[in-house]
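Visitor: As a plain string of letters, each chain reads:
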Amino acid sequence: MIRHQEKWGTRIGLILAMAGNAVGLGNFLRFPAQAAQNGGGAFIIPYLISFVLMGIPLLWVEWAIGRHGGLYGMHHVPGMMDCMGKSRALKYAGVFGIFTNLGIAAYYVYIESWTLGYVWYSVTGAFTGMTAEEVSRFFSMYLDTGSGGLINLNPISVIFLLLTLSLNIYILSRGVSKGIEKTCRIGMPLLILFGIFLTVRALTLKAGVSGASHDALIGLNFLWQPQPASLTNPKIWLAAAGQIFFTLSVGMGSVHVYSSYVKKNQDIALNAASAGWMNAFVEVVLGGSVVIPIAVAYLGLDWVQSNVGFEMAFRTLPSLFQNWGPLLAALGGLAWFGLLFFAGITSSLAMGQPVMSFLQVEFDMPRKKSALLFGLICLAMALPCVLFYGAGCFGEYDFWAGTFSLVAFALIEIIVFAWVFGMDKGWQEINRGADIKVPVFFRFVIKYITPLFLLAVFLGSMFKPENGDWAAAAARLAQGRSWNLAPDSVLGTVLNKGIADKRFLVDGRPTPLLFVTATRMFLLLIFTGIAVLVYKAWRNHKHPKEEI
Amino acid sequence: MTWSAWLTLALTWSVVLYFVIRFFLKALKTPVREETDMEFLRKDA
Numbered sequence: 001m002i003r004h005q006e007k008w009g010t011r012i013g014l015i016l017a018m019a020g021n022a023v024g025l026g027n028f029l030r031f032p033a034q035a036a037q038n039g040g041g042a043f044i045i046p047y048l049i050s051f052v053l054m055g056i057p058l059l060w061v062e063w064a065i066g067r068h069g070g071l072y073g074m075h076h077v078p079g080m081m082d083c084m085g086k087s088r089a090l091k092y093a094g095v096f097g098i099f100t101n102l103g104i105a106a107y108y109v110y111i112e113s114w115t116l117g118y119v120w121y122s123v124t125g126a127f128t129g130m131t132a133e134e135v136s137r138f139f140s141m142y143l144d145t146g147s148g149g150l151i152n153l154n155p156i157s158v159i160f161l162l163l164t165l166s167l168n169i170y171i172l173s174r175g176v177s178k179g180i181e182k183t184c185r186i187g188m189p190l191l192i193l194f195g196i197f198l199t200v201r202a203l204t205l206k207a208g209v210s211g212a213s214h215d216a217l218i219g220l221n222f223l224w225q226p227q228p229a230s231l232t233n234p235k236i237w238l239a240a241a242g243q244i245f246f247t248l249s250v251g252m253g254s255v256h257v258y259s260s261y262v263k264k265n266q267d268i269a270l271n272a273a274s275a276g277w278m279n280a281f282v283e284v285v286l287g288g289s290v291v292i293p294i295a296v297a298y299l300g301l302d303w304v305q306s307n308v309g310f311e312m313a314f315r316t317l318p319s320l321f322q323n324w325g326p327l328l329a330a331l332g333g334l335a336w337f338g339l340l341f342f343a344g345i346t347s348s349l350a351m352g353q354p355v356m357s358f359l360q361v362e363f364d365m366p367r368k369k370s371a372l373l374f375g376l377i378c379l380a381m382a383l384p385c386v387l388f389y390g391a392g393c394f395g396e397y398d399f400w401a402g403t404f405s406l407v408a409f410a411l412i413e414i415i416v417f418a419w420v421f422g423m424d425k426g427w428q429e430i431n432r433g434a435d436i437k438v439p440v441f442f443r444f445v446i447k448y449i450t451p452l453f454l455l456a457v458f459l460g461s462m463f464k465p466e467n468g469d470w471a472a473a474a475a476r477l478a479q480g481r482s483w484n485l486a487p488d489s490v491l492g493t494v495l496n497k498g499i500a501d502k503r504f505l506v507d508g509r510p511t512p513l514l515f516v517t518a519t520r521m522f523l524l525l526i527f528t529g530i531a532v533l534v535y536k537a538w539r540n541h542k543h544p545k546e547e548i
Numbered sequence: 549m550t551w552s553a554w555l556t557l558a559l560t561w562s563v564v565l566y567f568v569i570r571f572f573l574k575a576l577k578t579p580v581r582e583e584t585d586m587e588f589l590r591k592d593a
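Chains A and B supply the protein sequences, listed in that same order.
The first sequence lines up with residues 1 to 548 when you count with the working numbering.
The second sequence lines up with residues 549 to 593 when you count with the working numbering.
Hints in this document: simulated from the structure, not taken from any laboratory.
Owing to the predicted nature of the structure, the values given are computational and were not obtained by experimental measurement.
Please note that a few of the clues may not be correct.
No more than 30 Å apart at the CA atoms, straight line, and that leaves these computed lysine-lysine pairs for DSS-like [as the list claims (entries may be wrong)]:
(1) Lys-577/B to Lys-437/A
(2) Lys-263/A to Lys-369/A
(3) Lys-574/B to Lys-437/A
For each label pair, taking beta carbons as the anchor points, the in silico distance ranges come out as [what the hints assert, rightly or not]:
(4) Trp-303/A to Val-563/B: 29 to 35 Å
(5) Thr-550/B to Leu-327/A: 33 to 39 Å
(6) Gly-85/A to Ala-558/B: 43 to 49 Å
(7) Leu-327/A to Leu-576/B: 31 to 37 Å
(8) Ile-569/B to Asp-424/A: 31 to 37 Å
(9) Gly-325/A to Leu-559/B: 34 to 40 Å
(10) Gln-5/A to Ala-558/B: 44 to 50 Å
(11) Thr-131/A to Leu-559/B: 48 to 54 Å
(12) Val-420/A to Leu-559/B: 36 to 42 Å
(13) Ala-558/B to Thr-131/A: 36 to 42 Å
(14) Leu-559/B to Asn-467/A: 26 to 32 Å
(15) Ala-558/B to Gly-208/A: 24 to 30 Å
Every residue gets a Cβ at the ideal spot worked out from N, C-alpha and C, and that includes glycine.
Construct all of the structure, not just a fragment, from the sequences and the given hints.
Guide: Shown next, in the form of structure tokens:
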């Protein structure tokens with residue numbers, strides 16, 4: 001086992017890298033959609049409460065676990081978890097910290113490559129003169145989903161995927177300070193600059209100006225108009241807690257690994273708070289001021305309410321930018337897709353490091369080789385997403401790696417930290433070298449409130465009722481009856497509630513159920529494979545806990 | 549925009565901007581301790 005000598009170069013570099021890890025595509029694409037679908041201005045109240053009671057405490061816990069593990073040379077999550085207590089099983093909880101990053105990186109890098117492709121198309125004026133339908137069709141052609149064929153293969157999108165992946169591998173192979181930190185020091189300020197440009201442009205759009213048919217402020221009003229009645233709806237609270245969860249990149253293992261390169265007597269309390277609030281700024285201030293206001297200005301509120309979603313960024317926005325004239329359209333496209341690209345790459349780099357550090361520490365693999373291996377595994381896992389995008393593989397990756405695993409691991413880690421490692425040691429760990437005084441109130445929050453919050457999110461996602469109607473579900477429960485599960489609940493997904501045809505083959509052609517089942521088996525295989533590697537690593541040589 | 553929407557937006561943005569600026573400035577101004585891990589471990593022991 002080799003001991004890493006890597007460290008962060010500067011404090012600001014570390015904060016920007018952590019903020020870059022948290023700021024991702026979801027800040028600009030998921031947050032506005034979630035807010036719009038869950039009570040507008042009322043969404044922000046549970047959002048901020050969840051941020052304070054779940055987000056910030058989890059950040060402190062993950063930074064503390066990471067720095068504590070790094071002290072023993074453990075720069076990967078299984079090793080860090082192993083250092084948290086006596087049980088030999090703890091290291092296997094850390095399998096999530098590798099699996100999640102691999103599973104998410106596989107489809108995330110693919111989306112990241114779309115943004116790179118769309119930067120190119122925007123700058124070269126590829127959308128000039130296209131109608132809204134043509135721009136939307138362009139996206140279908142880019143993914144090769146428009147033809148209705150079984151396999152989706154567009155060589156151009158594969159080229160951009162390979163380019164993006166190569167860039168990730170190159171940066172990762174340069175190391176923590178010279179690669180990741182340097183990229184984030186350039187990428188994050190640029191992202192904020194692009195975001196400010198688009199926010200100013202969006203909020204100054206008025207009906208009759210630049211082809212807009214409505215005031216952009218109508219969109220902003222839609223997002224911020226409080227609907228107090230929705231505050232009593234558990235669905236809104238679960239959505240807000242879920243958004244906080246995904247936006248901060250907690251429950252993945254990437255925060256732990258970045259933090260393991262922090263020197264042991266250096267602050268984590270202030271750094272974590274800085275990175276967390278910076279993410280909130282990018283999400284609430286910038287993320288909420290671009291997509292919806294621009295779309296409402298051109299397409300109206302009704303259209304946005306029924307079409308708001310992830311693909312709007314690619315299908316709709318490029319055609320709206322065309323109303324700004326050739327130069328501003330190119331600039332708008334560059335700023336929008338450039339911003340998404342930087343948001344994406346600073347996050348995908350954070351997904352690579354946990355995998356690499358496991359290979360480096362446990363299998364003595366050199367940095368460049370481990371970066372290349374990560375890239376190859378990522379490519380192999382991305383191929384099903386690319387080739388069978390329309391068949392549901394992409395959604396399965398997102399659900400199991402990008403949703404379920406995050407909540408499961410966060411719940412495990414908070415229990416381990418507060419109840420196995422112990423709050424006395426844990427509180428000491430969070431406060432060692434702290435440059436701010438963490439309010440004692442958070443000691444109670446970390447021990448009781450955050451685990452309960454996470455348990456609620458976990459159970460909520462497991463048993464989510466149809467249409468998220470918890471009031472009706474509770475009424476049925478009071479009558480001693482069960483409720484119908486939502487197709488996107490964990491149990492509903494396992495039972496394939498959302499798939500009507502339960503056959504694997506129809507007329508010799510594979511059905512979506514076959515693809516979905518095969519993808520789940522593949523992901524389970526990857527998870528098991530990582531667990532076996534962890535077992536082997538611990539059998540091959542002694543680890544800090546065994547040496548003490 | 550309605551006054552209640554403006555109020556929600558203004559309050560939220562103020563809270564977020566206050567904390568991001570406060571923490572980021574503090575991080576910028578506070579020098580980093582230069583003690584190495586080995587020095588720390590020795591003291592801790």
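Visitor: All hints, please: hold or fail.
Guide: Going through the hints against the structure:
no., hint, verdict
1, Lys-577/B to Lys-437/A, "holds (16 Å)"
2, Lys-263/A to Lys-369/A, "holds (26 Å)"
3, Lys-574/B to Lys-437/A, "holds (12 Å)"
4, Trp-303/A to Val-563/B: 29 to 35 Å, "holds (32 Å)"
5, Thr-550/B to Leu-327/A: 33 to 39 Å, "holds (35 Å)"
6, Gly-85/A to Ala-558/B: 43 to 49 Å, "holds (46 Å)"
7, Leu-327/A to Leu-576/B: 31 to 37 Å, "holds (36 Å)"
8, Ile-569/B to Asp-424/A: 31 to 37 Å, "holds (34 Å)"
9, Gly-325/A to Leu-559/B: 34 to 40 Å, "holds (36 Å)"
10, Gln-5/A to Ala-558/B: 44 to 50 Å, "holds (48 Å)"
11, Thr-131/A to Leu-559/B: 48 to 54 Å, "violated (41 Å)"
12, Val-420/A to Leu-559/B: 36 to 42 Å, "holds (39 Å)"
13, Ala-558/B to Thr-131/A: 36 to 42 Å, "holds (39 Å)"
14, Leu-559/B to Asn-467/A: 26 to 32 Å, "holds (31 Å)"
15, Ala-558/B to Gly-208/A: 24 to 30 Å, "holds (27 Å)"
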